[in-house]
Amino acid sequence: MSASRATARYRGPTAVGDDLRRLVNLTFTLAANDFKLRFFGSALGYLWSLMRPLLLFGVLYFVFTEVVRFGGDVKHYPVYLLAAIVMFSFFSETTSRGVTSLIERETLLRKIRFPRMVVPLSVALHALFNLGLNLVVVFIFVFASGIDPRWSWLEMLPLILLLVMLSTGTTMLLSALFVRYRDVQPIWEVVLQILFYASPIIYVTASFPDSVERKAMANPITAVLTQMRHALIDPAAPTAAQAIGGGVRLLIPLLVTAVVFALGIWVFTKEAPRIAEDL
Amino acid sequence: MSVTTSQLGRDRHRRLDAAPAIITAAEVSKAFRLPHQRYSTLKERVLHPFASSTYDTLQALDDVSFDVKRGEFYGIVGRNGSGKSTLLKCLAGIYGIDRGEMEVAGRLSPFIELGVGFNPDLTARDNVLVNAIMLGLSRREAKRRFDDIIAFAELEDFIDLKLKNYSSGMNIRLGFSVAIQVDAEILLVDEVLAVGDASFQRKCYDEFGRMRDAGKTIVFVTHDMGAVERFCDRAMLLEKGRVLEIGGPDHVSMRYTEVNFGYLPDADSPAEEAAAPECRVRSAWIEDEHGERIVSSFQGELCRACMEVEFDADMDYPVFSITFRNDVRHIIFVATSAPHGPPGPFRAGDRALVRLSFANWLAPSRYALTPAVTTWDPDYRVVDQREDLASLIVEAPRHTGGATDLPTELEITRL
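Listed in order, the protein sequences are those of chains D and V.
First residue of the first sequence: 1, per the numbering used here; consecutive thereafter.
First residue of the second sequence: 280, per the numbering used here; consecutive thereafter.
Honestly, the hints are just simulated from the structure, not real lab data.
A virtual CB, placed ideally from N, CA and C, is assigned to each residue, including glycine.
This list has only true hints and no planted wrong ones.
Cβ-Cβ distance ranges computed for the label pairs, FRET-style:
| id | chain 1 | residue 1 | chain 2 | residue 2 | range |
| --- | --- | --- | --- | --- | --- |
| 1 | D | Glu155 | V | Leu313 | 45 to 55 Å |
| 2 | D | Leu263 | V | Ala305 | 34 to 44 Å |
| 3 | D | Thr107 | V | Asp593 | 51 to 61 Å |
| 4 | V | Ala305 | D | Glu106 | 24 to 34 Å |
Work the whole structure out from these sequences, hints included.
Dropping the structure here:
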């Protein structure tokens with residue numbers, strides 16, 4: 001190694017670090033701590049984290065079943081609506097809190113050497129805790145609607161995994177960009193709004209013409225929610241493969257997810273050594 | 280007693296001279312880019328795609344080379360903005376360096392400040408666990424050492440109190456207690472001892488002593504020359520990102536004082552010689568009654584305020600004094616030779632060791648000592664003065680609220 005180049009260790013902190021256990025340990029600790037602090041001091045505590053999706057559900061349910069008479073032909077529409085809201089909330093919570101996560105952890109980043117990826121990962125893990133709690137409520141609704149348990153419910157696990165990959169990748173990308181460009185945040189707020197209506201949450205894609213439905217399925221969230229409807233709520237509903245018009249085409253939303261995930265990791269890893277300086 | 284101490288000191292120096300280097304830094308440079316106008320929004324970036332290439336460079340570290348031996352207590356001193364903290368952050372691996380090489384042959388503590396990430400809304404219990412994990416302990420280790428941490432901080436009664444209800448001193452105690460539990464061969468410490476009450480400061484100093492004896496390597500950033508002289512085997516003086524001096528602690532602390540107060544940047548130049556004062560204060564310290572140098576003392580003990588003076592010209596009647604200032608910079612006590620009469624003439628080249636003994640009835644606090652030499656009556660011209668060259672911590676079982684706690688005798692007569 002020539003004297004003019006910095007030793008690898010001193011190019012600054014890396015994204016992942018050299019000790020995977022420390023990465024996991026720290027991510028879990030920060031997420032658990034945030035979870036504890038989130039509703040700290042409020043009388044209802046953790047119940048608030050259930051309250052938000054439930055209230056949103058209540059409003060949407062009222063508007064779309066009582067006011068505009070929508071979703072009448074969708075079987076178990078209320079359960080689908082709630083499940084879709086909960087899944088989408090995970091994505092929007094992770095990404096919107098993730099955008100500013102590095103800025104919020106400024107003191108830690110400036111005073112301690114630790115794998116930088118801990119910060120966005122802990123945000124995603126925190127949201128995952130909330131998702132777990134919210135899914136309990138979803139399943140209560142599922143049972144209350146008289147839907148019988150089926151093995152296909154297990155498909156929820158890979159579906160959630162896909163959503164986690166998509167959310168984490170987006171969060172890594174956005175948080176690293178936000179350090180440099182502060183208007184990432186308002187832009188992302190708008191994008192989230194658009195995504196909410198572009199994803200089949202208050203409607204289902206099965207009611208679209210086939211050509212439109214196939215294009216909509218390129219959105220990984222749409223694919224996940226469509227498959228969830230089939231696996232969890234209504235076996236008669238089309239699977240994601242049917243909706244997109246062939247199993248091979250499912251590679252499109254999968255590829256989108258993989259690209260977002262890889263891009264997030266790549267950008268974050270590239271930015272990691274300088275994050276502390278650029279904050 | 281003092282013979283054995285200096286014997287030990289010599290042994291330590293011999294051992295350190297032979298020890299391998301645990302940190303080596305060669306020609307390390309680090310610059311921060313400060314854009315003239317920071318383009319932090321996309322619109323500006325789109326509107327001025329080429330304008331962003333103009334920026335100022337702040338050379339925070341410039342060609343810094345040094346090495347720290349295994350087991351050494353190494354001080355880094357310098358004024359604000361001299362690059363001390365940047366150097367520490369580069370060592371800790373928080374910032375990357377632009378040029379040069381750094382090698383560290385040992386486990387390094389990953390933090391540079393105490394109590395980082397403490398959350399005021401969580402209890403001390405939660406904070407200690409989180410902080411310990413942040414600093415590198417595993418969850419199990421953190422739980423196992425929890426009691427030790429709380430015991431060292433003497434906060435057993437406040438474990439379940441939220442941190443926002445802690446005083447800043449208690450915060451630091453907790454932070455320090457966690458930090459010393461971290462398994463590291465090399466500790467990086469940035470200005471820890473400025474807060475905390477006298478007895479805890481003494482504990483911190485004691486703990487430093489123990490770490491030293493345990494063979495840990497400590498890199499220590501401070502403004503407190505007393506601590507540098509007391510603890511450090513060697514020290515480095517930084518100024519504007521460059522190394523100005525590396526050497527023995529007394530030598531470096533003298534240079535620090537010179538840089539800080541602007542005199543004698545280089546004493547060798549003849550122009551300076553002409554304006555040079557008649558004498559120079561080389562160092563100052565506090566001794567106990569056995570002649571051992573101390574940094575803290577219990578109230579009521581006999582103390583000796585000492586200074587070493589070197590005369591560059593003849594002086595018939597110098598007055599030696601050491602001014603004690605407390606935390607809030609009030610002058611509490613001036614130990615001076617004036618009441619003892621003129622000490623007699625000194626010739627150029629003479630060196631004098633001045634000891635002013637006093638029974639220490641100062642209130643418990645931390646004192647900064649400023650030694651000075653003035654001329655005799657009537658003008659009291661200051662010949663040489665070294666601001667805050669040494670420090671003393673006074674401990675007492677009680678705090679009365681007075682600036683001194685002169686001994687009293689009680690007599691009560693019933694009427």
